[in-house]
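This is what each chain is made of:
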Amino acid sequence: MSGTPLLQVQNVSRRFGGLVAVGDVTLEVGRGEILGLIGPNGAGKSTLFGLIAGALPPSSGRILFDGHDVTSLPAPERCRRGIARTYQVVKSFDSMSVLDNVVVGALVRYPRAAQARAKALDVIEFAGLSHRATAPAGELTPPEKRRLEVARAIATEPKLLLLDEVMTGLTPAEAARGVDLVRKVRETGVTVLMVEHVMEIVMPLVDRAFVLHLGRELAHGSAQEVARNEAVISAYLGDRRRAS
Amino acid sequence: MATGLAIPQSGKDAASAFDRKRRLKLLTGLAVAAAVACLPLVVTDVYAQNIIILTLLYAALSQSWNILGGYCGQISLGHALYFGTGAYATTILYTKFGVLPWFGMIVGGVVAAAIALALGYQLFRLAGHYFSIATIVIAEAGLVLVNNWDWAGAATGIQWPFVPDSWAVLQFNPRNKLPYIYIALAFASITWLTTFSIETSRWGYWWRAVKDNADAAESLGVMIFKSKMAAAAISAFFTAIGGAFFAAFVQYIDPESVMNFQLSLLMALPAVLGGIGTLWGPAVGAAILIPLTQVTRSYLGGSGQGIDLIVYGLLVMVVALAKPEGLSSLFTSRKAPRA
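Line order of the protein sequences matches chains A and B.
For the first sequence, numbering that gives the first Met the number 0 assigns the number 0 to the initial residue and increments by one for each residue that follows.
For the second sequence, numbering that gives the first Met the number 0 assigns the number 0 to the initial residue and increments by one for each residue that follows.
By construction, these hints were calculated from the structure, which means they are not laboratory data.
The model shown is predicted, which means the values in this text are computed figures rather than measured ones.
Glycine is no exception: its CB is placed at the ideal position from the N, C-alpha and C atoms.
Certain hints may be false.
Under the rule of at most 30 Å between Cα atoms (straight-line distance), these lysine-lysine pairs were calculated in the DSBU-like manner [said to hold, decoys possible]:
1. A:Lys144 <-> B:Lys20
2. B:Lys225 <-> B:Lys95
3. A:Lys90 <-> B:Lys20
4. A:Lys144 <-> B:Lys225
5. A:Lys144 <-> A:Lys90
6. A:Lys158 <-> B:Lys322
7. A:Lys144 <-> B:Lys322
8. A:Lys90 <-> B:Lys225
9. A:Lys90 <-> B:Lys95
Below, a sample of chain B positions facing chain A; criterion: calculated Cβ distance under 8 Å [unchecked claim]:
10. Ala14
11. Ser15
12. Phe17
13. Ala167
14. Ser196
15. Tyr204
16. Glu217
17. Leu219
Could you put the whole structure together from the sequences, leaning on the hints where they help?
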């Protein structure tokens, strides 16, 4: 099975009434790679994430994970198969401690709570949140909350990690630490699909980039190819080039 | 390598801190239970002992409500339905078929849990306020049904037969409240221990995750519907046990006394007052609310109908304004001040 790509999205569309949020998108994510999903606001990136994670069903098309069709599986089952995600707008369990937040993720692999707690302790150490382990998640700073989202997702021991704008709103120093964390995650063998807005962050980090525009594929290829692509430049980077 | 060694070390520290905290909680629980067990030695007045029994009963009922309402976040205002199920199952089995109340109690609990699952199957599609309103409506429908059920005594209710003191059928001389105090204490302790042990189990984590953010919970593999169903069944089971105890204690039940809407409120309020979704909230809330209710009722007598409701309302308002996390948060020292 190692020959097939980890994730195959085949001709997937999602309509909301008359609006086509994602239109006929086909993409593949290979094992162990970091794929950047980029595109201007409203390009359909988060919707595509929701479709892959099982938060909402596609209007048409198929999604294959690890060679199996997961199109009709609900989100918890996809998590069990190895897909984990973070949210663009953080969704931490605010009444629970940082550790307990991560325990919820670990319980998928370790149904015994004591083992899940041990796993969660390892994960928050890995994510650099140990010093905040007992703090209520509601009291974390925004960058810490982003880290917690990543930690919670890693605790499910995913094969594929979907990161939805985890660097947004971070200072350059915080973002640099975030990049380190994503690299560290990839080194453990996890495949990463990340949505990012800030090109300076995504481009050096990703192996390949996939550009969405108005719900459709605009381009894909290596970071350099995409950055030089005329269509991408006019749709996404155009304003900036004209401005400079 | 250095960090590799540091991980298990700090992990072990945190794990042992966790165990210490759990042990301390358990010891506190034991100490409180022991203190309550000694209370009748000091408080010998029958009226006061009656208040102790009701306080323990409501602490247990509210603890049961708290499992669904507090931990899982599904605010039910129809728990009187399960209370009534327990009371009626026990009473009917005993008075009509001679089944011992101890056994009837369990039957009532199982029937209530089954009803909760059947209702949950439909109601858990509803979110937030819609769920709460639906629980009120269904409990009221149950009240109307029983009110018109002739075989079960309809509106006149069912009287328990008078028998000599007996642990088997839970009947004692009206001047002797001690057995009831200990049964109610045992009931409160069992619900407390159940909550204590579930709190840090998989269900406990899942329930809190469902309550805080269902979308995120789902993406982390939490089975939301199953979590709610489990909480509803456990909660209904213990509520019905409370109803069964109440029936044996007052020896006479009718639909108004065991299925009234006010009962549903009285199960939710101690938890809200003491701290919703906390281990000690229901007990703390009941210890304040129930004696207050009983005393205002007896002082105001028949003329003060409804004054106790005004008192609840005031109390909840004061707590909401001054201590939104509930009164039990006064006992937990939180070092980090809120920003």
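Here is what the structure says about each hint:
For the hint linking A:Lys144 to B:Lys20, the alpha-carbon distance of about 26 Å falls within 30 Å, and the restraint holds. Of the supplied pair hints, the one linking B:Lys225 and B:Lys95 is violated, its CA atoms being roughly 36 Å apart against a limit of 30 Å. Annotation: proposed proximity of A:Lys90 to B:Lys20 holds, straight-line Cα distance about 28 Å (limit 30 Å). Restraint check: the Cα-Cα separation between A:Lys144 and B:Lys225 comes to about 28 Å, which is no more than 30 Å; the hinted pair holds.
Only pairs whose Cα atoms come within 30 Å are accepted, and A:Lys144 paired with A:Lys90 is accepted, the gap being roughly 9 Å. Note on A:Lys158 and B:Lys322: the hinted pairing is violated, with a Cα-Cα distance of about 44 Å set against a maximum of 30 Å. Restraint check for A:Lys144 and B:Lys322: the C-alpha separation of about 26 Å stays at or below 30 Å, so the hint holds. Straight-line distance between C-alpha atoms of A:Lys90 and B:Lys225 comes to about 21 Å, which keeps the hinted pair within the 30 Å bound.
With a C-alpha separation of about 54 Å, the suggested pair A:Lys90 and B:Lys95 falls outside the 30 Å cut-off, and the hint is violated. With a cut of 8 Å, the hint placing B:Ala14 at the interface with chain A holds, because the nearest CB-to-CB distance is about 7 Å. Restraint check, B:Ser15 versus chain A: the minimum CB separation of about 11 Å is more than 8 Å; hint violated. A cut of 8 Å between beta carbons decides the hint on B:Phe17: the least distance to chain A is about 7 Å, and the hint holds.
Because the closest C-beta pair between B:Ala167 and chain A is about 39 Å apart, greater than 8 Å, the hint is violated. The beta carbon of B:Ser196 comes no nearer than 10 Å to any beta carbon in chain A, farther than 8 Å, and the hint placing it at the interface is violated. Interface restraint check: B:Tyr204 against chain A, minimum CB-CB distance 5 Å, threshold 8 Å, status holds. Satisfaction of the interface hint for B:Glu217 is found here, the shortest Cβ-Cβ separation to chain A being roughly 4 Å, below the 8 Å cut-off.
With a least beta-carbon distance of about 5 Å to chain A, the hint placing B:Leu219 at the interface is held under the 8 Å criterion.
Of the numbered hints stated above, those contradicted by the structure are hints 2, 6, 9, 11, 13, 14, listed in ascending order.
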